[in-house]
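**Q** Chain A is already provided as a structure; the job is to place chain B on it using the hints.
Each protein sequence line maps, in turn, to chains A and B. Letter 26 of the first sequence, counting from 1, is numbered 26 in the numbering used here, and no numbers are missing. For any residue, its number in the numbering used here is found by taking its place in the second sequence, counting from 1, and adding 1000.
Everything labelled a hint here was simulated from the structure, so no lab data went into it. Remember, predicted model here, so these are calculated numbers, not experimental data. Nothing false has been slipped in among the hints.
Computed cross-link-like contacts, DSSO-like style, restricted to lysine-lysine with a CA-CA straight-line distance of at most 27 Å:
(1) B:K1134 x B:K1123
(2) B:K1289 x B:K1199
(3) A:K282 x B:K1289
(4) B:K1282 x A:K289
(5) A:K282 x B:K1282
(6) A:K289 x A:K199
(7) A:K123 x A:K134
(8) B:K1289 x A:K289
Chain B residues, not near chain A, derived (Cβ > 12 Å throughout):
(9) E1058
(10) A1063
(11) S1095
(12) A1098
(13) L1100
(14) A1186
(15) A1246
(16) R1347
(17) M1367
(18) Q1381
(19) P1406
(20) R1409
(21) R1414
In this text, a Cβ means the ideal position worked out from N, Cα and C, and glycines have one as well.
2 protein chains.
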Amino acid sequence: MQFRVAILGCGTVGGGVARILLEQRDALRERAGQDIQLARIVDLFPEQSSRRHGLPRELYAGAGADLTQQQADAEIQRILEDPSIDLVVETIGGSGAAILATTRGTLEHGKHLVTANKALLAKHGEELLGTARKHGKGIGFEAAVSAAIPIIKVLNECLTGDEIQSISGIMNGTSNYILSKMASDAQSFDAALRDAQAKGYAEADPTLDINGGDAGHKLTLVLRLAFGLDVEFEDLPRRGIDTVTAGDVAFAHEMHGVIKLICHAQRVGDSVHAAVTPMIVKRTNLLSKIDGATNAIRVIGRYAGEIVLIGQGAGSLETGSAIVSDIVFLARHGEHALPRPVATGFRLRPLGELRLPYHIVFETADMPGMTGIVATAIGRQDINIDTVSHNRHEVDHAEFAIATMPCTRSQVERAVKDIQGNHPGSLLSEPRVLPILV
Amino acid sequence: MQFRVAILGCGTVGGGVARILLEQRDALRERAGQDIQLARIVDLFPEQSSRRHGLPRELYAGAGADLTQQQADAEIQRILEDPSIDLVVETIGGSGAAILATTRGTLEHGKHLVTANKALLAKHGEELLGTARKHGKGIGFEAAVSAAIPIIKVLNECLTGDEIQSISGIMNGTSNYILSKMASDAQSFDAALRDAQAKGYAEADPTLDINGGDAGHKLTLVLRLAFGLDVEFEDLPRRGIDTVTAGDVAFAHEMHGVIKLICHAQRVGDSVHAAVTPMIVKRTNLLSKIDGATNAIRVIGRYAGEIVLIGQGAGSLETGSAIVSDIVFLARHGEHALPRPVATGFRLRPLGELRLPYHIVFETADMPGMTGIVATAIGRQDINIDTVSHNRHEVDHAEFAIATMPCTRSQVERAVKDIQGNHPGSLLSEPRVLPILV
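Just chain A, same shape as in the assembly:
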């Protein structure tokens, strides 16, 4: 039996998929119970793509010649209408009308869809899942979150007997690489970013990586699977790493922690508190040990307890491996592969309402009494102090960090207002506040 696959877009990820499908054809036949045949590739630049990935030119639509966008669109349409194609891999990217039409059309024409496109799924996931259900087809998107880490199937197929309490993940490798460099080489944010760009870990335009947008797309998908929460991407609180300073990194180190960009979601009753934010991760937490471009996700189940998954979050073959696994899963399970709609009625709430320990860096005048003023104000808001780290005394100002016991963000804000109101001029800048992940 043949199971015919077309790949739309054969760049870094699509090329990895094609290579694995060709190299592993015999093994995949055994595992899928069907011969998974790479039937067609559509790419604007077949010569370049085939050379880069070592793929035969004859697999490319248009006889291997470069295509105009219009020609490529026509080839894609031909694939969607070809009844012999069972599954389409979308590795074009983007989240606009054209790619939505292509992916929706794939399902409407009765084909399974596999995609790594987190932006598309974060925006249009519900609609695409609905279309898939209507047409009895599946959508595989294992590669959309932390590439090689099988978090999608772990949530959809493995932890289904449990009740998930929280998820905390390092899901953006670029941010993690930059933060790791800032910590290990005491680099500034700008220097670490340039290093990441030089090494190919960051794009020329790294905006979505460093502002938490990419991580936010992933957390949006995870919230849907883990908590049945249909979140608008725009509603998800996001803060990137672009505000993290070398000083914050140094204070974190003294507090036995490291700064990581964390996708965090925590259930309390019928609420799910979620955000993308830099956090201080304590050294006792395994996530603190994940350096470079590696991703890691901690899931806490009511029954299973803590489960941690670690792996590569990007890369041609790493992402390709996840996509080909999705193809096998769809060939084996067909329409059973679709995650069931789960209507939990949970509500998204701000992370700041949760009681969390906080790490606060104060920049003050360098004069006796400042620690007392700050500590007193914090105590007046009923916040217990865990640690005070006092290590920057310059000529004209001092910096020190306070780690609190669990409290809400608004308690912290009231304490800061108290200081600013009662001791005007004592704080030289707005305190920098990060939640702590234990």
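**A** This is chain B only, laid out in the frame that chain A set:
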């Protein structure tokens, strides 16, 4: 639609399953698309079991009264013959004829089987899978290997697009607890074992945990899933932790490593080198950081690279969570849930044939020249030395450790024979050899 489940044996694990099925019934209905009903429990001691797990007595066969073995057997037979039961959870344990008959009978009567019984599956897995295929039913055994870590589905359903190169796992929590105690508290093996027994991490008879038998059962299952290798449990080389000394642990520490009981399997061409053995795990490897009763498994895929999964390897609810997830999976995917038979034609080979770095502890006379004699003999076998750690000088003997660069076990053995032959009496005992996991 109803999906009716019976539990055979309601002790630690069965009780956890029952509790989760009752507590999560609404959520499970959403996820499985069917109402998963706990229909019947068979246990010899319903009063004790129901009190311990907070379960209603009326769920127990025999009207909640204690059963003789004969009565229990009759109740089990009645369940197997009851066409309204869709799935049987076997949490009785053992690998003898009776439990084989019960599990085989479950499948023959057209019911799905879920079990955590690694000993049964290691011995009779092929037969049971064959029976399941014949009758179009599934077997779930996620809980059989590292309880809460979803390694079975990760291998069966997630990494199916990849080619697995190696698997290294801490799969026995008791051993890991004992080794962690020996490392952190400088305890002897016997003291750490007594501590583990006092804390409930080790059975009164800990034989299978400390001699590598339990880990061997798990590795047998993993070899089948990851490499299509049908290994007789007896053929799998196994060494436990009972020969590890406090001195070995101290030397490992000096070499920037820790001793862990590792289930290791590594593919080279058409061979899979596999064994259960204590190894020195270098501090740079995440497995070195897994302490106490926690389990961890590192999978290296040709395309995905390194993936590490960490979680609890035992416990009532932790194991129960995995079993209930299997129930949901079978309710959703039915006979599609069965792993496909994969005939790879791979052969099992001894780990010692692999080139691995080794850690060798020599006990020698305390006299000048010994390091040179030993190092020269090692060099003569073409083994490069990485580190020599020389830190035990007693009145009448010295101990030192050598870490080698990768070589085969027989090279090491030839070097030892060389020393013993050319310098009789210089080695006061047989050197202790452990492979190193980088």
